[in-house]
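Number of protein chains: 2
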Amino acid sequence: MINQVALVGGTHGNELTGIYLLHKYRQYPKLIGNNNFELELFLANEKALKANKRYLDRDLNRSFKLTDLSDDSLFGHENELAKDINQKLGPKGGSRTDMIIDLHTSTAPMGINLVLTKTDTFHLMLADFVQQRMDNVSITLEKMPDHHFLMSVAPQHVLVEIGATAQGQLRQDVFDKTEETVQLIFKFLNLYNNHQLPQPSESIDIYQYFDVMFLPTDLNGDIAGMVHHGVQDRDFSLLKNGEPIFTLFNGDEVIYDGEDCYISFINEAAYYDDKKAFAMSRKKTFHIG
Amino acid sequence: MINQVALVGGTHGNELTGIYLLHKYRQYPKLIGNNNFELELFLANEKALKANKRYLDRDLNRSFKLTDLSDDSLFGHENELAKDINQKLGPKGGSRTDMIIDLHTSTAPMGINLVLTKTDTFHLMLADFVQQRMDNVSITLEKMPDHHFLMSVAPQHVLVEIGATAQGQLRQDVFDKTEETVQLIFKFLNLYNNHQLPQPSESIDIYQYFDVMFLPTDLNGDIAGMVHHGVQDRDFSLLKNGEPIFTLFNGDEVIYDGEDCYISFINEAAYYDDKKAFAMSRKKTFHIG
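Protein sequences, first through last, are from chains A and B.
Each residue of the first sequence is one higher than the one before, starting from 1 at the first, in full-length UniProt numbering.
Each residue of the second sequence is one higher than the one before, starting from 1 at the first, in full-length UniProt numbering.
Next up, chain A with everything else stripped away, as it sits in the complex (with noise of 0.2 Å):
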């Protein structure tokens, strides 16, 4: 039984489209539907919302580990956030929040992306059942021990990655996916708390991410070119060897030299901090219960 939901926007600071679907829900309650669980509105980072930033000292997203939820040593404005939000929500471990859904958006055309950590029966059948009711919907996994993401605090959880947007922009287009996608979220809440899931797919398909590409950078470390026009907005789709995935600001081209993969998060804005062009993964498929 999934009794105390969180829907969690705004982890990001200026991924605004999260944090506005919580301010609509808090104006018009009965927008929210009727549910058969808590459902809690939780704004993750107000500082740096105000700011219009992700972050102001560390991405929140990557700063719930145990090991740094419990380290006294770790300063700055999101690691003291990160163990009040795990104080409020949690604690990890033995949380008293049941589920999680947390709101993102990406300025790469990713569609809906919904990201998982586990791949247990409830998660596969939640991903299965939002793809089987919406277009243009990609599940990624991103499983590792001790997980980063905020949205680990809680046992089930899933975020909702939706784009193309631009940073500190609210675009009409992507935030009636997003009200959609969470919509259908609790519908599955709600049918799974009344033991009437409809029948899942037999098996659904998940991007696994195995390796991330670096821009190309000179002997400064400044960026030395760009993502190749020939692979820019082609979020989820298949990167052969051989293709050109850079073009250098002297003309050259760099050419992939790898195992064919799916590609995702291409040139992200978001992501220039550390230099990243894309994330790669393998499709697997998984069967279902």
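Check each hint, because a few of them may be wrong.
[Claimed, not checked] The calculated lysine to aspartate or glutamate pairs, modelled on EDC-like cross-linking and capped at a C-alpha distance of 16 Å, are:
(1) A:LYS50 with B:ASP222
(2) B:LYS53 with A:ASP273
(3) B:LYS50 with A:ASP57
Read the hints as simulated data drawn from the structure, not as lab findings.
On the provided structure of chain A, position chain B as indicated by the hints.
Frame of chain A, contents of chain B only:
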């Protein structure tokens, strides 16, 4: 004769395209080409670039009125920087620089937008020259006494505004269009200096701003809705009286009640500070020469 030209990038610190075009030309000066004028590569706001922000204290591109440049009571990074730039490239009114090309990007799909502040023959011929040689070029006019733009430091100037790209992002398609536009402007200046300009078009259509539409707000001053999906991404198209322009969070639509006009900078991320939804302009035909 145009002897001294400044190519300016980074007037807004999170618009990377112009900044990296300067970077490219510094590293590979041969790619600039041969010109019959002196070219200076000028990075305007390095501190804002390092902070990945449009500006620190005040929009630099609103800080070049003569009254502000001579006002010693104005403090903050950009007010001081404007005075410094005015010394380096200007001074405004008696400038050592003949021409400034100022490179910008927009999060809206503006295509290639050339912004003029003057409609003399030189500027009309320049805009026409580019428009005849590239697709999807629009010309806008922002005429005002004692202009606040950085480029107004030099008597001849053009602002190049290209989109769509997110802030803090480098897209090859936008970068390539920016470089192509810059090279066409260089070509125009070379021909102008040699008295070899080709016959211009008879006339040119220019968008003239007359108003700005603000986002809807509630009693607290918070955003109460979004740019309507039917308006989003329609930059430089005609908005007609009676069309929906906003979708409020309560589900209502706001209908446009005003003169038919051309809209641009639709849902521009940089304009959320002022809660601007889009700019409104009239199209006017100018005879050239």
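Right, here's what the structure says about each hint:
no.: 1; hint: A:LYS50 with B:ASP222; verdict: holds, 12 Å
no.: 2; hint: B:LYS53 with A:ASP273; verdict: holds, 13 Å
no.: 3; hint: B:LYS50 with A:ASP57; verdict: holds, 15 Å
The structure fails none of the hints (numbered hints given earlier).
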